[in-house]
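> Please take these sequences and the hints and turn them into a complete structure.
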Amino acid sequence: MAEQKQTVPQRQLRGLYSKVNISVKSLNIIIIVLAAALVACMVIGVSNAGFTVQFDSLGGTTVEGQKLMYGELITAPDAPTREGYVFDGWYLDQNTTRPWDLKKDVVTESLTLYAGWRVP
Amino acid sequence: MAEKDKLKKVGDILLNNAMYIIIAVAVVYIAIMRPTFIKLPSIVNIVSLTAAKLPIALGIGGCIVLTGTDISAGRVVGLTACISASLLTTVFKVFPKMVSAAPLPLVLLLVIGVGALVGFVNGFSVAKFKLHPFIVTLSTQLIVYGIILMYLMRGVNNGQTLSGLSDNYRSFITGTLFSIGGVAVPKYVLYSIILTIVMWVIWNKTTFGKNMFAVGSNEEAANVSGVNVMRTIIMVFMLAGMMYGITGFLDGARIASANANTGLNYECDAIAACVIGGVSFVGGIGRISGIVVGVLLLQIIFTGLNFLAVDANMLYIIKGLIILIACAIDMRKYLVRK
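Chains D and G, in that order, are what the protein sequence lines are. If you read the first sequence in the numbering used here, its first letter stands for residue 1, the second for the next number, and so on. If you read the second sequence in the numbering used here, its first letter stands for residue 1, the second for the next number, and so on.
Do not take every clue at face value.
[As the list claims (entries may be wrong)] Below, computed lysine-lysine pairings styled on PhoX-like, alpha-carbon distance capped at 25 Å: (1) G:K333 / D:K19; (2) G:K8 / D:K25; (3) D:K19 / G:K128.
[Stated by the list, open to error] Every beta carbon over 12 Å from chain G, so not counted as near; a handful from chain D, in silico: (4) G50; (5) F55; (6) D88.
No lab work stands behind these hints: they were computed from the structure. Being a predicted model, the structure only gives us computed values, none of them experimental. Every residue gets a Cβ at the ideal spot worked out from N, C-alpha and C, and that includes glycine.
Okay, here's the thing in C-alpha cells:
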C-alpha cells in the first residue's frame, strides 16, 4: 500500500513555482525550520526591544541618544549650544517645519530629532 | 494505521496553518504584555491602517492571480501621492503659478489615470511581448521613481517634502466617519470598504473576472476557449494601476505629506499580504476575502511588534521570513491537494 502511494507521480507545480521541484517532505522541514527562525527573530526582537531616539544637533554640541519603549515620552536632553545661534527646540525634519513637543509627543518608532537654530 | 493517519492529519493542519498559529500566539503574548494593544484606540488604529493598505493589495492580487507580480506598485503610490499633495495644497511649490487648490474629483481622476497609464505600460509589455512581469515592472518602478524625483524638483520645491495640504482634501480622507467610544474612525476606511466590494464584484461576478482566473490557471487553454488573453492581462494591470492611484490619493492626506520615499516598499507588504491570504503564485487561485485577511493579519502582527518596541530593522527580517513561510505553505497546499 505504502509503496503504491510513492509511485503516484507528484503534482507538478505551476506558475511562478513551475521550476520548483520539491517533495512535500522537504517542504515540511522547510516550513518548520523557517517557522522556528521566525519565532527566534521575534524573540530576539522583543528581548532587544526599544526605539532609539537620536539627536542631530546640526552643528551644535553633541547630544546623547536615548533608548525608549513604545508610548514613552523623551526625557528632555540638555539643550545643545552653537556659536552665534540660539537653540529653539527639536524638530522631526532638518528644515525645522515639524516641531517635536517633548511634553506631549510619544515615541512610536525609532527616529532622529534635529535641532532648530535661530539667529538671536 | 488509523492512528498514523490521524497523526498525519494533525500534522497537515499544523503545517498548513503554521503562520496563523504563530501570529495567534504572538498576538496573545503581546496582549498580555501590553494590554493597551487590545484596547479600542489600538484596534481602530489597526483597522484604519489595514484600510489604508488594502487597495494596493487588491490591485496586486490580480497580477498574482495571473502568475505575475507587480513591483512598481509602491512607486506608483508615491508618484500619485506627490501629484495629489502638489495640487491639493495651500503652498504651491511645484506649480508656483497656481493660486487655489485644484478640485478634488479632478485630482482623483488624474491620479487614477496616471496609475492606469503605468498599469497599461506594464500590462501591454507583459501581454504583447511575453516579458516576465518582474522585469517589466522593475523597469517601470525605476522610471516612475525618476519621474517622482523630477516632479519634486519642479517649480520652487527643490525636491523637498510636500506638505501644507488643503483642508478639504485632508478632511475628505481623514475626517471622522463616525466615533466609537470617543475614538474617531477616519473616512478612508469607508472608501476602502467600497473598493473591496467593487473588486469583489469584478473578480466574482464579471466575465472579465472569470477570464482573469482562466488566464491565470492556464493561458493556453483560456486562449483556445476564446478568452482574449492580451486584453485580460492589460486590464488586470490597468485595474491594479488604478488601485495604486487611489492608494496614493489616500496616502497623501493620511500621512499629511508626500515625498520621494512615500510608498517605498508598499509592494512588498501587499505581495506578502496576498500570499498569506491564499492568493497563490501557482496562478488562478485567490479570493478577495483572503486578501483582506492577509492585510489585516500583517497589520496586526506588525502593529503588535511595534507595541513591543521591536526595532524596525528586525521587522524587515521578520517580513522576509513571513513571505518565505507563506510561499512554502502555499506550495505545500497545492502539492498535497487531491
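> Test the statement that D:G50 is away from the interface with chain G: the closest C-beta pair must be farther apart than 12 Å.
About 5 Å separates D:G50 from the closest Cβ of chain G, which leaves it inside 12 Å; violated.
> Please settle this one: D:D88 was flagged as non-interface, so is its CB more than 12 Å from every CB on chain G?
holds (20 Å)
> Taking C-beta pairs only, is D:F55 more than 12 Å away from all of chain G?
holds (18 Å)
> Verify the proposed pairing of D:K19 with G:K128, using a straight-line Cα cut of 25 Å.
holds (23 Å)
> Between the alpha carbons of G:K333 and D:K19, is the straight-line distance 25 Å or under?
The hint holds at about 17 Å.
> Is the hinted pair G:K8 and D:K25 satisfied, with a Cα-Cα distance of at most 25 Å?
Holds, at about 12 Å.
In summary, the one numbered hint that this structure violates is 4.
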